[in-house]
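Engineer: Chains as they are written, first to last, in the working numbering: chain A, 39 to 113; chain B, 437 to 682; chain C, 1006 to 1261.
Read the hints as simulated data drawn from the structure, not as lab findings.
One or more of the hints may lead you astray.
Pairs of lysine-lysine, DSBU-like flavour, derived with a Cα cap of 35 angstroms [said to hold, decoys possible]: (1) Lys523/B <-> Lys610/B; (2) Lys84/A <-> Lys456/B; (3) Lys610/B <-> Lys84/A; (4) Lys610/B <-> Lys87/A; (5) Lys84/A <-> Lys448/B; (6) Lys671/B <-> Lys610/B; (7) Lys87/A <-> Lys523/B; (8) Lys456/B <-> Lys87/A.
Here are the computed distance ranges between Cβ atoms for each label pair [to be verified]: (9) Leu77/A <-> Gly1117/C: 39 to 49 angstroms; (10) Trp460/B <-> Arg1111/C: 45 to 55 angstroms; (11) Pro481/B <-> Ser1080/C: 47 to 57 angstroms; (12) Gly1078/C <-> Trp555/B: 21 to 31 angstroms; (13) Gly556/B <-> Leu77/A: 52 to 62 angstroms; (14) Ser587/B <-> Arg76/A: 23 to 33 angstroms; (15) Leu642/B <-> Arg92/A: 43 to 53 angstroms; (16) Trp460/B <-> Ala49/A: 51 to 61 angstroms; (17) Ile83/A <-> Thr618/B: 45 to 55 angstroms; (18) Thr1087/C <-> Pro534/B: 19 to 29 angstroms.
To give an idea of the interface, some chain B residues facing chain C are shown, with a C-beta separation under 8 angstroms as derived from the structure [said to hold, decoys possible]: (19) Val470; (20) Val474; (21) Val552; (22) Phe573; (23) Leu574; (24) Gly577; (25) Ala584; (26) Ala594; (27) Val603; (28) Val608; (29) Ile609; (30) Ser612; (31) Trp616.
Positions of the beta carbon are idealized from the N, C-alpha and C atoms, including for glycine.
Each chain, letter by letter, is given below.
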Amino acid sequence: MPFASVADFLAMGGHAPYVWSAWGVTLFFLLASVWHARLERRQLIKGLKRRERREQAHRAPHQDNAAGGGGHHDA
Amino acid sequence: MWAFIHKLGSPKWFYTISAKLQPWFWAAAAALIVTGTVWGLAFAPADYQQGNSFRIIYIHVPAAFLAQSAFVSMAAAGLVFMVWKIKVADMAATVIAPFGAAMTFVALFSGAVWGVPTWGTWWMWDARLTSMLILLFLYLGVIALRGAFSSRDSGARAASVLAMVGVINIPVIKYSVDWWYTLHQPATFSVTSSPAMPMSMWLPLLIMVLGFYSFFTALTLMRTRSEILRRESRKRWVRELVRETR
Amino acid sequence: MDNCMGQNKAQENRTQQGVTSTSCVGVQGARGGLSIALGATLKRDLLLMLRHRGEVLNPLVFFALVITLFPIGISPDPALLTRIAPGLLWVAALLAALLSLDSLFRGDFDDGSLEQLLLAPQPLAALSLAKVAVHWLLTGLPLALMAPLLGIMLSLPAGSYAILALSLALGSASLSLIGAIGAALTVGLARGGVLLSLLVLPLYIPVLIFGAGAVQAAIMGDGAGAHLAILGALLAASLALAPWGIAAALRISING
């Protein structure tokens, strides 16, 4: 074990700023990419669900109209 | 064989099979990266020449490996897309590009930070760093080209061609930069060319490399799945799937 | 048209077996037609470029101008200029060649003759190679011939002028071939110019390293043979591979 104490470990033999900043940036990128992927998926599903609901809401009155003989088409 | 490839090429099948694979890769990535981090930072011996700054190797080298492999896999996906018209391959290539660029940046950053205690400067035109910088530009070119087309299919095919051209050039660039470097700066030594690493030093490095590759695979699977949902959102199976998820 | 091309291919197979066919008279046999089509493309492009003399002269003026800027920006000290001259000349020539790339396919794209090129029964890779050859003949070669003149202004040591011109002539052919892939990829885009440089410049680096290295070696008296050989190898590789890339890229840009 190359380090005698926790303080010794954190100091990294005088190279603390370099070692910790390099590791920090790397771990930040890894965690950020996981976070981004999760957020992307959640928002995508939310958006698709919303679209599904909207289209169903559109379809329902349209069917009523068709039953009433209106023949009115919505985009 | 052909049936298998075409089955794998079907977005729905890929979506189902990747759902089963994904947790294993995430678990492997987490376990390996945590083990490698603890081992590399706290237990591996310090380098007799560089001291503890040597520990940056445990992220610099995996990130550099991943940056290059991601480009190669992006080009391979582009080839598959161009030859067999398999859409999933292009979805994978789309999501690999930004992550590959991020890993290239990580390799550059960690290399530059490592340079401070080793060379006494933030930037040295070291062969490895220079090739990494060029690789970053290649990634940015592929991402920008894909974004410049208004039609997704044209953008996909253009990016595939550029990725393939890039992957043919990467070894040429690498060797010419190495050659150029030895010509101009023969005195300075490269940070990662320690002559013989003892086992206690390279075993954590191996673990970190494997961990980074698992992470890359898991993330690519996950984001490809999202890309499938986005591009196939009009398909019946996607609609049913969306309705079922909470 | 498609049907005719199919027959044409079949006809080619048959002629290989020693059987002649007279079907599909409108399209000549691809083997005889290829040299004619190549000649026609070369002649047409040369003529077009020579009519637009500005497009031929602009890269040369740009080259001279950039070389003028460096002594003004850095220092007129001949000793310093001698040291950096090979790199400066090569980088400036490379940028000048890059500047002319955007117009390589642009005019043909705008007036629709690029589509005609795609529809021709001859392989697109060969025809695009002819276009690139014209581009090199009117951009790379003049730049290479002009470089020694600018070398004098940067007090390049005597004895390296021939190597400078030769390395630029060899290297700029590779530059034209590699750059044409980028030009073909961006020709359909409204603002392709800046993107083109982003795509192409990283791929130029090996040529730059060995081109500038050749001149440097000639100055040192080491003999530039090895560098020129590698430049030749790069040219051979890009001659073999780039036409396919150009053809694929043109198809993407035209067919959308």
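Engineer: Minimum Cβ distance from Val603/B to chain C below 8 angstroms?
Structural biologist: violated, 11 angstroms
Engineer: Between Lys84/A and Lys456/B, does the CA-CA distance stay at or below 35 angstroms?
Structural biologist: Judged against 35 angstroms, a Cα distance of about 23 angstroms means the pair holds.
Engineer: Is the shortest C-beta separation between Gly577/B and chain C less than 8 angstroms?
Structural biologist: This hint holds: Gly577/B lies near chain C, its Cβ roughly 4 angstroms from the closest one there, short of 8 angstroms.
Engineer: How about Val552/B: closest beta carbon in chain C under 8 angstroms, or not?
Structural biologist: With a closest approach of 26 angstroms, the Val552/B hint is violated.
Engineer: Could you see if the CB distance from Thr1087/C to Pro534/B stays within 19 to 29 angstroms?
Structural biologist: Once the Cβ atoms are compared, 45 angstroms apart, the range 19 to 29 angstroms for Pro534/B and Thr1087/C is violated.
Engineer: Against chain C, run the beta carbon of Val470/B and see if the smallest gap drops under 8 angstroms.
Structural biologist: violated, 36 angstroms
Engineer: Answer holds if the nearest beta-carbon of chain C is closer than 8 angstroms to that of Ala584/B; otherwise answer violated.
Structural biologist: holds, 5 angstroms
Engineer: Take the C-beta atom of Trp460/B and the C-beta atom of Arg1111/C, compute their distance, and say whether it sits inside 45 to 55 angstroms.
Structural biologist: holds, 51 angstroms
Engineer: Tell me if the interface restraint on Leu574/B is satisfied: Cβ within less than 8 angstroms of some Cβ in chain C.
Structural biologist: Nearest chain C Cβ about 5 angstroms off; hint holds.
Engineer: Under the criterion of a CB-CB separation shorter than 8 angstroms, is Ile609/B in contact with chain C as hinted?
Structural biologist: holds, 6 angstroms
Engineer: For the range 45 to 55 angstroms, tell me whether the beta carbons of Ile83/A and Thr618/B fit it or not.
Structural biologist: holds, 53 angstroms
Engineer: Please test the hint of 43 to 53 angstroms on the beta carbon pair from Leu642/B and Arg92/A.
Structural biologist: holds, 52 angstroms
In summary, the structure is inconsistent with hints 3, 4, 6, 13, 16, 18, 19, 20, 21 and 27 from the numbered list given earlier, while agreeing with the others.
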